[in-house]
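Participant: The listed protein sequences correspond, in order, to chains P and R. Just so you know, we're using the numbering used here here: the first sequence kicks off at 392 and counts up by one. Just so you know, we're using the numbering used here here: the second sequence kicks off at 442 and counts up by one.
Be a bit skeptical, because a hint or two may be false.
Stated by the list, open to error - Cut-off 25 Å, straight-line C-alpha distance, at most; resulting in silico cross-link-like pairs (PhoX-like, lysine-lysine):
1) R:Lys674 / P:Lys471
2) P:Lys471 / R:Lys656
3) R:Lys656 / P:Lys496
4) P:Lys403 / R:Lys703
5) R:Lys717 / R:Lys732
6) R:Lys636 / R:Lys677
7) R:Lys703 / P:Lys496
8) R:Lys565 / P:Lys496
9) P:Lys496 / R:Lys690
10) R:Lys573 / R:Lys690
11) P:Lys396 / R:Lys703
12) R:Lys667 / P:Lys451
13) R:Lys569 / R:Lys656
14) R:Lys667 / P:Lys456
15) P:Lys496 / R:Lys704
16) R:Lys649 / P:Lys452
17) P:Lys403 / R:Lys569
18) R:Lys573 / P:Lys496
19) R:Lys649 / P:Lys455
20) R:Lys649 / P:Lys471
21) R:Lys490 / P:Lys456
22) R:Lys674 / R:Lys649
23) R:Lys649 / P:Lys456
24) R:Lys569 / R:Lys667
25) P:Lys455 / R:Lys490
26) P:Lys451 / R:Lys649
27) R:Lys649 / P:Lys496
28) P:Lys496 / R:Lys667
29) P:Lys406 / R:Lys703
30) R:Lys540 / R:Lys584
31) R:Lys704 / P:Lys403
32) P:Lys496 / R:Lys734
33) R:Lys615 / R:Lys565
34) P:Lys471 / R:Lys569
35) P:Lys471 / R:Lys565
36) R:Lys478 / R:Lys584
These are calculated hints, taken from the structure and not from any lab test. Quick caveat, the model's predicted, so the values are computed rather than measured.
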Amino acid sequence: MANIKYIEFNGKEHKVNVPNGLSVMEGAVQNNIPGIDADCGGGMSCATCHVYINDDEWFKKLPKKEMGEDDMLDQAYDPKLNSRLSCQIIVSEELDGLVVQLPEKQG
Amino acid sequence: MIKTDVVIIGAGPTGLFCAHQIGIIGLKCELVDNLDKIGGQCIELYPDKPIYDIPAVPECTGEELTNNLVQQIKPFNFNFHLSDRVQELKNNNDKWIVKTLSGKEFEAYNVVIAGGVGSFEPRKFPIKSAEKFDGKSVLYSVKDKNIFKDKSLVIFGGGDSALDWAIELSNSSKVTLVHRRDEFRGAPASVQKIKELNDKNVIDVITKHSIEEVKGNGSLESVDIKSESGEIKNIKTDYVLGFFGLIMKLGPIADWGLNLDKKTIPVNTENFETNKKGIFAIGDICSYPGKLKLILSGFHEGALAARGCFRYARPDEKYRFEFTTASSTIKDRLGIKE
Ligand SMILES: Cc1cc2nc3c(=O)[nH]c(=O)nc-3n(C[C@H](O)[C@H](O)[C@H](O)COP(=O)(O)OP(=O)(O)OC[C@H]3O[C@@H](n4cnc5c(N)ncnc54)[C@H](O)[C@@H]3O)c2cc1C
Ligand code: FES
Chain P
392 MANIKYIEFN GKEHKVNVPN GLSVMEGAVQ NNIPGIDADC GGGMSCATCH
442 VYINDDEWFK KLPKKEMGED DMLDQAYDPK LNSRLSCQII VSEELDGLVV
492 QLPEKQG
Chain R
442 MIKTDVVIIG AGPTGLFCAH QIGIIGLKCE LVDNLDKIGG QCIELYPDKP
492 IYDIPAVPEC TGEELTNNLV QQIKPFNFNF HLSDRVQELK NNNDKWIVKT
542 LSGKEFEAYN VVIAGGVGSF EPRKFPIKSA EKFDGKSVLY SVKDKNIFKD
592 KSLVIFGGGD SALDWAIELS NSSKVTLVHR RDEFRGAPAS VQKIKELNDK
642 NVIDVITKHS IEEVKGNGSL ESVDIKSESG EIKNIKTDYV LGFFGLIMKL
692 GPIADWGLNL DKKTIPVNTE NFETNKKGIF AIGDICSYPG KLKLILSGFH
742 EGALAARGCF RYARPDEKYR FEFTTASSTI KDRLGIKE
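Full structure from sequences and hints, please.
Facilitator: Structure follows, in C-alpha cells:
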C-alpha cells in the first residue's frame, strides 16, 4: 500500500491509500478523484489518465516508461517533460508519498 | 425523413450485434456513427490487437471482430450513416425524431444508444488563442487539400496523420513540422521520408518544441512555438494543423434529458431502457449494478434491448421467442435456403 497525493489543477488535494498492484489511475478512479478520465480503462490507448510528476526526484524514481507510453503521451492534453500516464504506474510500497499533479483537463 | 423501427447510435461491436438481434426478430434499423468507419473502439483504438475473451472465438483482432460482425448482419441490408453525429432526440407522440449534424432526420419507435464513451472527436490544441481560428486557419483534419496550395503551413504532431500530411502537402505548400520529442511514432517508411525531405530542405522539421500561441488580427499570421527550455520562436504561417489523434467525448448525448451517472446512462437490466420510454442504452455507455465494460456484456445487452424495441415497434403483435436453428421465419430473414 502507498499513500498517494493527487493535486487537482485548481489546487485541491486528495490523499488516499492505494493498494499494491493497482495503478495510480485506478487509485484516483476508485476514490472518485476528478480530473482523471481513463476512457480506455488502462489500455494505454486514450491518454486521458495523463498526470505530471512535478517533483524531479519522484519522476526519476518511478518505474521507467515502457514502449508506447511516450507515443500515447504525444496525444495527451498539454504534455510536458514530466508527463506520465497514470494507468502505467503500478503502485508498490516504494511509491509511498508520491505526489501527482493533474492537468487542466484531459482533452 | 427516414422512417424505421430503431435508430442505433454507434456502430461499435455492441451496436452491430444489436442490429443483428433486431434483424432476427423482424425489425428494421439504421445505424449512425461519427467515425468514418464501422467498429467503434475495436477499429479506432486497437484494430491489430488480438482479443481473447469473445465466447467461442479463442483469438481475433479488433478488425477481424468488426468484419465478422458486419458479415453477420449483411443479410438484413441495414444502412450505415458514417461520419455523422446524432445531435438531437425529440419526442413526437409515440415516436422519436432523430437529427444528425449533417442534417439527416429519422423517425423511429426506438433509439438504441450504443455510444461507447462518446463520439470520437479530434483532439485540439491546449491553447486559448487557437479557438477563434478553429475551423478556419487552425485545423484538425484535412477536408480539401487544395486550400493549402502555395500557402505556408505549420503541422504539429508525431504520428502517421501528421507525417503523411506533411509529406503530401509539401508537394504544393511550404511545410514546417513541429513535434514535442525527437522520436516520431509514425510508420518507419514515413519517418525516413520526413528525414529525407528535411535534409533536402523541402520540409522544415523542428523537434522538442510545442505550440505556445497563435497570432493574427482577424486572419492568422503566425504561430509561437516553445522549446523544452522555454525559448520562443515565431513562425509566419497561413495555416496551423494539429494531429493528436481522437478523444471520446460524450457530446450531445448529455443534452437529451437522460439520467447520467458520471459519463454513463443508468438502465434497467430487464430490457436496458433508460429513464425515457423507447430509448435504450447498451455497451460501454450504460451502467447498472455489476456492469462489466466488455464486448461480451454488450452483446447480451443488445439482445435484450432488441426485444424491448419490439414492444413499441409492433404494439399489436406478441413477441415470440424462437431459436435460429429451428425457426424457418428467421432463416428466411437471413436468406438461408434449405
Ligand atoms: C486497448 C483496448 C483493449 C480492449 N480489449 C478488450 C478485450 O480484450 N475484451 C473486451 O471484451 N473488451 C475490450 N476492450 C473494451 C471494448 O473495446 C469496449 O467494451 C467496446 O468497444 C464497447 O463497445 P460499444 O459498441 O459499447 O462502444 P464503442 O466501441 O466505444 O463504439 C461506440 C461508437 O459510438 C459512436 N458514437 C458515440 N456517440 C455518438 C453520436 N452522438 N453520434 C454518432 N456516433 C456516436 C462513437 O463514435 C463510437 O464509434 C478494449 C478496449 C480498449 C481501448
Ligand atoms: S487509461 Fe487510457 S491511457 Fe491510461
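Participant: With reference to the structure, classify each hint as holding or not holding.
Facilitator: Structure-based check of all given hints:
Simply put, R:Lys674 and P:Lys471 have alpha-carbon atoms about 18 Å apart, close enough for the 25 Å limit, and the pair holds. For the hint pairing P:Lys471 with R:Lys656, the CA-to-CA distance comes to about 22 Å; that is within 25 Å, so the pair holds. For the hint pairing R:Lys656 with P:Lys496, the CA-to-CA distance comes to about 23 Å; that is within 25 Å, so the pair holds. A distance of roughly 20 Å separates the Cα atoms of P:Lys403 and R:Lys703; the hinted pair therefore holds under the 25 Å criterion.
Distance check on the hinted pair: R:Lys717 and R:Lys732 sit about 20 Å apart at the alpha-carbon level, within 25 Å; holds. With a CA separation close to 22 Å, the supplied pair R:Lys636 and R:Lys677 stays within the 25 Å bound. Only pairs whose Cα atoms come within 25 Å are accepted, and R:Lys703 paired with P:Lys496 is accepted, the gap being roughly 16 Å. This hinted pair checks out: R:Lys565 and P:Lys496 have alpha carbons roughly 12 Å apart, not beyond 25 Å.
Of the pairs offered as hints, the one joining P:Lys496 and R:Lys690 holds, with about 13 Å between alpha carbons and a cut-off of 25 Å not exceeded. For the proposed pair R:Lys573 and R:Lys690, the alpha carbon gap of about 21 Å is at most 25 Å, so the pair holds. For the suggested pair P:Lys396 and R:Lys703, the alpha carbons sit about 22 Å apart, so the restraint of at most 25 Å is met. Of the supplied pair hints, the one linking R:Lys667 and P:Lys451 holds, its CA atoms being roughly 24 Å apart against a limit of 25 Å.
Using a Cα cut-off of 25 Å, the hinted pair R:Lys569 and R:Lys656 holds, with the two alpha carbons roughly 11 Å apart. The straight-line distance between the Cα atoms of R:Lys667 and P:Lys456 is roughly 24 Å, inside the 25 Å bound, and the hint therefore holds. Between the alpha carbons of P:Lys496 and R:Lys704 the distance comes to roughly 15 Å, so the proposed pair stays at or under 25 Å and holds. This hinted pair checks out: R:Lys649 and P:Lys452 have alpha carbons roughly 23 Å apart, not beyond 25 Å.
Of the supplied pair hints, the one linking P:Lys403 and R:Lys569 holds, its CA atoms being roughly 23 Å apart against a limit of 25 Å. As the CA atoms of R:Lys573 and P:Lys496 are separated by approximately 19 Å, the hinted pair is consistent with the 25 Å bound. For the given pair, R:Lys649 sits about 20 Å from P:Lys455 by alpha-carbon distance, which is consistent with the 25 Å threshold. With a C-alpha separation of about 10 Å, the suggested pair R:Lys649 and P:Lys471 falls inside the 25 Å cut-off, and the hint holds.
Proximity of R:Lys490 to P:Lys456 is assessed by CA-CA distance (about 20 Å); at most 25 Å being required, the pair is judged to hold. Between the alpha carbons of R:Lys674 and R:Lys649 the distance comes to roughly 12 Å, so the proposed pair stays at or under 25 Å and holds. Proposed proximity of R:Lys649 and P:Lys456 is supported: the alpha carbons are some 18 Å apart, at most 25 Å. Taking the CA atoms of R:Lys569 and R:Lys667, the gap is about 16 Å. The hint holds against a cut of 25 Å.
Taking the CA atoms of P:Lys455 and R:Lys490, the gap is about 23 Å. The hint holds against a cut of 25 Å. Straight-line distance between C-alpha atoms of P:Lys451 and R:Lys649 comes to about 20 Å, which keeps the hinted pair within the 25 Å bound. Taking the CA atoms of R:Lys649 and P:Lys496, the gap is near 22 Å; set against the 25 Å cutoff, the hint holds. For the given pair, P:Lys496 sits about 20 Å from R:Lys667 by alpha-carbon distance, which is consistent with the 25 Å threshold.
For the hint pairing P:Lys406 with R:Lys703, the CA-to-CA distance comes to about 22 Å; that is within 25 Å, so the pair holds. At most 25 Å may separate the alpha-carbon atoms for a hinted pair to count; R:Lys540 and R:Lys584 meet this at roughly 23 Å. A distance of roughly 22 Å separates the Cα atoms of R:Lys704 and P:Lys403; the hinted pair therefore holds under the 25 Å criterion. Using a Cα cut-off of 25 Å, the hinted pair P:Lys496 and R:Lys734 holds, with the two alpha carbons roughly 24 Å apart.
The straight-line distance between the Cα atoms of R:Lys615 and R:Lys565 is roughly 22 Å, inside the 25 Å bound, and the hint therefore holds. At most 25 Å may separate the alpha-carbon atoms for a hinted pair to count; P:Lys471 and R:Lys569 meet this at roughly 18 Å. Under the criterion of a C-alpha separation no larger than 25 Å, the hint pairing P:Lys471 with R:Lys565 is consistent with the structure, at around 16 Å. Proximity of R:Lys478 to R:Lys584 is assessed by CA-CA distance (about 16 Å); at most 25 Å being required, the pair is judged to hold.
Comparing the model with each numbered hint stated earlier shows that all of them hold.
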